[in-house]
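Listed below are the residues making up each chain.
2 protein chains.
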Amino acid sequence: MAPRKQQEIFDATLRLVAEKGYDGLTVEGVAERAGVNKTTIYRWWPSKAALLGAALVESDVLAFDAPDTGSLRGDLVALVEGVRRLLTEPPGSDIAVAALGAAVRHPELDARRFFADRFARERRIFERAVGRGELKESADPMLIVDLLAGAVWMRAVFRGLRPGDDFATEAVSALLDGI
Amino acid sequence: MAPRKQQEIFDATLRLVAEKGYDGLTVEGVAERAGVNKTTIYRWWPSKAALLGAALVESDVLAFDAPDTGSLRGDLVALVEGVRRLLTEPPGSDIAVAALGAAVRHPELDARRFFADRFARERRIFERAVGRGELKESADPMLIVDLLAGAVWMRAVFRGLRPGDDFATEAVSALLDGI
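The listed protein sequences derive, respectively, from chains Y and W. Numbering-wise, our numbering puts 14 at position 14 of the first sequence, and it's gapless, one number per residue. Numbering-wise, our numbering puts 105 at position 105 of the second sequence, and it's gapless, one number per residue.
Read the hints as simulated data drawn from the structure, not as lab findings. A hint or two may mislead.
The list treats identical chains as interchangeable, and a pair is accepted whether it falls inside one copy or across any two copies.
Calculated lysine to aspartate or glutamate pairs in the DMTMM-like style (CA-CA distance at most 20 Å, straight line) [unchecked claim]: (1) K20 with E89; (2) K5 with D60; (3) K38 with D23; (4) K136 with D177; (5) K38 with D11.
Here the structure is a predicted model, which is why all the values come from computation and not from measurement.
Produce the complete structure using the sequences and hints provided.
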């Protein structure tokens, strides 16, 4: 499939899940919005779960590059800031929160791929930090990411509070400087 | 309403949301399972969102007492351990994950009350720690809770990985001892 057409299908998928939730997402609805035949979609993705899973990982809308600012602190602040924007700034936040919320109830929608894909890129932040002598080799990168990204989810989604402009700096400082 | 009857209604509500999801939860279904008339439920809670919101905060199943172990480290480890059990040990975890996942898509189901109620109790952990000289007065208790509880959610729910037995100790150590 042409990459542009694929992105249009992912785009339609993510917008539909944001508007109607996972239960309201249908391959027919995606096909109609993207202007393709639904058999075309089924040829590539066997189910709506597979389609949404692929869209989460491969859509340009949720594309993710790990920051590379030159310092561990700078990289982590940029990472948290990116998660904060992802979860609070529409229309991306409607998409991300709806799709990740749906993944909780629908294990067949494999959100683990989304997080595993991001983590594979985030690893480089920690490799560089170890290389620069800013981080012990024994540090646990996944724990650090989970503490920081989880805090944004708790604050913005579960508490329904808007993380302030200094949230990223303060969260990273709690980890790097201690509480 | 008699407290025991109220707990039966909350219990039926939480079990139904775990089994059928929020969309499958109905006041009729709860009434049937709890053996009460649905008008009785509507007299106390005007909607299924209000009923589930009340169940989240008031059910004995999700009852929460902030730990008081005598040290900040001990309290935080116990706190994280409690969240880990809540999110990973059935049947409680089915209930908690389904209800909190539903809250993401249904703001009318006010999960903020659940977190605000818990946080009001968790505050005492930090007040005692400041009193014992273990924590600066300027420390931000909500940030600490969000980092720790969010990490469990990320690991157990989004990544679908089982946090190990030492997860609580390591997460708290990352915050108290630095990374």
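Status of the hints after comparison with the structure:
Taking identical chains as interchangeable, the C-alpha atoms of K20 and E89 lie at most 20 Å apart only when both belong to the same chain, with a minimum of 18 Å there against 31 Å between chains. In this homomeric assembly, K5 and D60 come within 20 Å of each other (Cα to Cα) only inside a single copy, at 12 Å, whereas the closest approach across copies is 52 Å. In this assembly of identical chains, the alpha carbons of K38 and D23 lie at most 20 Å apart only when taken from the same copy (18 Å versus 26 Å across copies). Taking the shortest Cα distances, K136 and D177 sit within 20 Å of each other both inside one copy (14 Å) and across copies (13 Å).
For the homomeric pair K38 and D11, the shortest alpha-carbon distance inside one copy (15 Å) is at most 20 Å, but the shortest distance between copies (42 Å) is not.
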